[in-house]
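Peer 1: Letter by letter, the chains look like this.
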Amino acid sequence: MAMPGAIKRMLAAESAAALLALIAVFVIFSAINERFLSTLNIDGIVVSASISAITGLGMTLIIAMRGLDLSVGSIMGFAAIAAAELLSHGVPLWLVIVSGLAVGVGLGLCNGLLIILLRLPSFVATLATLSMILGGELLITHGETVTIHSALFSRIVISNIGGCVPAAAVIAILVFVLIWLIFHRTPFGRHVVAIGGDIRAAVGAGINIRRVTVGAFILVGVCAALSGLMTGAELQNADSTIGAGAELTAIAVVVVGGTSLVGGRGNLFGTVCASLLLASIQAGLNVANVSSLYEDLVFGSILIVALMVDGLRRGTRRRGMLVV
Amino acid sequence: MVSGAGGLANGSDTHSDTHLDTWATPSEGGQSEVLVRATGMRKHFDGVEVLHGVDLELRSGQVHALLGENGAGKSTIINLLSGRLRPDGGQIEVYGAPVEFRNPLAARRAGISVIAQELELVPTLSIVENVFLGVEPTRHWLIRWADARRTVVTVLEELGVNAKPDQIVGSMSIADQQLVEIAKAIVGQFRVLIMDEPTSALNLSDTQRLFKIVRRLRATGVAILYVSHRLWEVFDLADRITVLRDGQRILSTGIAEIDVDGVIRAMLGSKSSLMGMAARPSRATVPAAPTAPPALALDAVQSGEVLHDISLSVHAGQVIGLAGVLGSGRTELVEAIYGLRRIDAGTVRLNGKAVELREPKEALRHGAFLLPEDRKLEGIFGHFDVRENVILSFDPSAKKVRKSSESGGSETATLQRRRSGLTPIHLQTERKAFETMRKALGIRCSRPEDRITALSGGNQQKALFARAALSHPNVLLLSEPTRGVDVGAKEEIYSAIDRFAEQGIAVLVSSSELSELLRLSAHIYVLRAGRIVAQVSAEGTSEGDILKLMAG
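Just so you know, the sequences run in chain order A and B.
Going by our numbering, 126 is the number at position 75 of the first sequence; the sequence numbering is gapless.
Going by our numbering, 761 is the number at position 62 of the second sequence; the sequence numbering is gapless.
Don't read these hints as lab results, they were simulated from the structure.
Hints should not be assumed to be uniformly reliable.
What the hints assert, rightly or not - Simulated restraints, written as ranges between beta carbons of each label pair:
# : chain 1 : residue 1 : chain 2 : residue 2 : range
1 : A       : P172      : B       : Q907      : 41 to 51 Å
2 : A       : I93       : B       : G1026     : 46 to 56 Å
3 : A       : V221      : B       : V852      : 35 to 45 Å
4 : B       : R1064     : A       : L190      : 51 to 61 Å
5 : A       : R261      : B       : Q1234     : 51 to 61 Å
6 : B       : G788      : A       : R261      : 23 to 33 Å
7 : A       : G362      : B       : S870      : 17 to 27 Å
8 : A       : R261      : B       : S1012     : 56 to 66 Å
What the hints assert, rightly or not - Counterexamples of contact, computed for chain A against chain B with all Cβ distances above 12 Å:
#  : residue
9  : L70
10 : A115
11 : L137
12 : H140
13 : V149
14 : L152
15 : L164
16 : L165
17 : L189
18 : D249
19 : I269
20 : T292
21 : A339
22 : Y345
23 : E346
Yeah, the Cβ is synthetic: ideal placement off N, Cα and C, and Gly gets one too.
Build out the structure end to end from the sequences listed, making use of the hints.
Peer 2: Put into structure tokens, the structure is as follows:
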């Protein structure tokens, strides 16, 4: 039985903004340079969007829970490096992938435990683990790049299924469906939202806050690890620069996708749209011959607009109120 | 009763399955079955015992009213019965079997549901999601939303709530949100319902609707513990009354065996003398010279769709009341005067000067101070201690602290020099100012460093009055000044308001309690659908007269 309410909400104004912006970006950039619509470019957009969407989907849950995970970028890097090292030691590919995802489970578990045991705000705890995980990466690689010699591993991500759909997109769609089900159709998913919406009510309803918190951080850890594995497969090498800054991209796609930073809501479809939007803009600036040095400026501006829209949507019902 | 789809989680860690079976069958006719028996309940905080061995018995098909002043131990009892606190002594039995609630979930599993004063709903979730929060019916890990929704539709219908199960709870009125809480209890097939001040935010018709529902629940054999400050409600609804005072049970009796006076005497004990003051004290009529402009004057004020053509005036030293049902514009009017709501047309004059109020700080600069309706949300700073909360808008450079018993008109000139953010305040001055206020208003706290949230509602409100006094307003705006405050503290707040007026402060009181308006104010403006429909003198007017005007 479908859930019409959830579907309606998914398509509601929140994600519509990102979707409309996405269409506008396509129209504008293809008008500037028709190369924007080339298969190569579109494939690039889809693969890059898929990778950021997967981490973004996990982050959507964390933000819906009124938390933040700043360590996702470093988890991406760690998973990619772990996979590269294992592959270079001749470990079979399936075991490498499972281990890579297990890295995500482990690091997510660490984040979750730090938050519930030390009662740290999630962004502080994950800021610390971000630094520690990065340090671990440097210790393992000695700051060098590990080459990935597995054609199959790369093909899993970059090959085109049926000649047109990038495999990465298929993975992202599967992750989307899975997380959508978890988010909207399992008690765990609703408890995540309840904690972000009103933690007192969640406690009163008998929800095990600690368990749900740890679960959510494990989930985002696995998502990040998967993104990291895909990045490594795409680049065919791994070093500590994989995932650098990815935490900001992940937060950006969630917010631009219409999920409010104050928690209590999550818009998974919007996150996917926003991932496509940001990837399109990045590729568009590239084909329009705008220096990549401007990318960050553009992304920052988009983030400000998205936050403004979020503020307007929540309604500054009372005038003269500033939230600092 | 409606059978919940999936209902409450099966299994319990506090008692055996046989007891759960007993829960499933409501008592037939036998109204005297004891569902919950608490004996010798003790609890202390920081070494101070606040509950000295209280007994309480909840029977099926009975509304049991729990009364007492703030601090008498009502909340503590509720928290013990709902697993939010663990007793230091005593025994709770459910269906005759001793239980120990380690957390709220354990109490819920034992069939005890609490509707707290601050509703425990997730505003961003829908009705059905809230009703089934924590007890979602699942199959193969997935929630069966269709079943859940069907159940909720039936229950909402039964409760007379006109809403779709997918409606987001935050968009509903407080009254309807409360019914969502009741729907939660019905769906969970709870046999014991604890209601803490359920009517404090409801208007008359919503209260009547709630009473009907409570009576129906009682008829199905639910045991209800009903906590309220409104005595008439209790006598309307309850079968049994228990009065607590200072952590002890003073009396527990059938409703037929006692009257209002008896209950008040039991609640107040030696303090009953306070009740003598409950009658409106004869007060000298407005001392202000007729030539002086009113401290607050509104002329044909209009605000959006909620306020139309509002004209009123409050002179220095006057207390003026605002009456009206929820949605009449009563609350909105006060907000507009304080700059919280756009004024589209008309003028507001403070001390004779037309002012444009875009935000509260401008109202403050002109000497107006608002004590908000929602104390928790807009009034107190929960992270701060009592002293910090009181001292917040204190400006020692403006004026020496005025003992509120001493008189002296307030001068607008002093208000011009509101403290700039960086001027340091002497801790000593601050302490003295706080002490003065604490004594003058009778704020009961063990130390000034107590978190304000540790105080009872009445004392929190007094702290806000102290804050108001320290900001030396000449217009004091009050919205529901005694919401959630018990009889004794109420009277103290009333006399504080009297003293504000005696000092020449113009006071505008908006309240849903008519007795309060009649007790406090000289004149009462009655609002209906955003307009002032009448202005009556408190003298010789009855609550019934005003009710009629409010209803139109």
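Peer 1: All hints, please: hold or fail.
Peer 2: Hint check:
no.: 1; hint: A:P172 x B:Q907: 41 to 51 Å; result: 45 Å, holds
no.: 2; hint: A:I93 x B:G1026: 46 to 56 Å; result: 54 Å, holds
no.: 3; hint: A:V221 x B:V852: 35 to 45 Å; result: 39 Å, holds
no.: 4; hint: B:R1064 x A:L190: 51 to 61 Å; result: 60 Å, holds
no.: 5; hint: A:R261 x B:Q1234: 51 to 61 Å; result: 57 Å, holds
no.: 6; hint: B:G788 x A:R261: 23 to 33 Å; result: 29 Å, holds
no.: 7; hint: A:G362 x B:S870: 17 to 27 Å; result: 18 Å, holds
no.: 8; hint: A:R261 x B:S1012: 56 to 66 Å; result: 57 Å, holds
no.: 9; hint: L70; result: 22 Å, holds
no.: 10; hint: A115; result: 9 Å, violated
no.: 11; hint: L137; result: 31 Å, holds
no.: 12; hint: H140; result: 37 Å, holds
no.: 13; hint: V149; result: 22 Å, holds
no.: 14; hint: L152; result: 20 Å, holds
no.: 15; hint: L164; result: 20 Å, holds
no.: 16; hint: L165; result: 23 Å, holds
no.: 17; hint: L189; result: 40 Å, holds
no.: 18; hint: D249; result: 5 Å, violated
no.: 19; hint: I269; result: 16 Å, holds
no.: 20; hint: T292; result: 38 Å, holds
no.: 21; hint: A339; result: 39 Å, holds
no.: 22; hint: Y345; result: 37 Å, holds
no.: 23; hint: E346; result: 33 Å, holds
Consistency with the previously given hints fails for numbers 10 and 18, ordered from lowest to highest.
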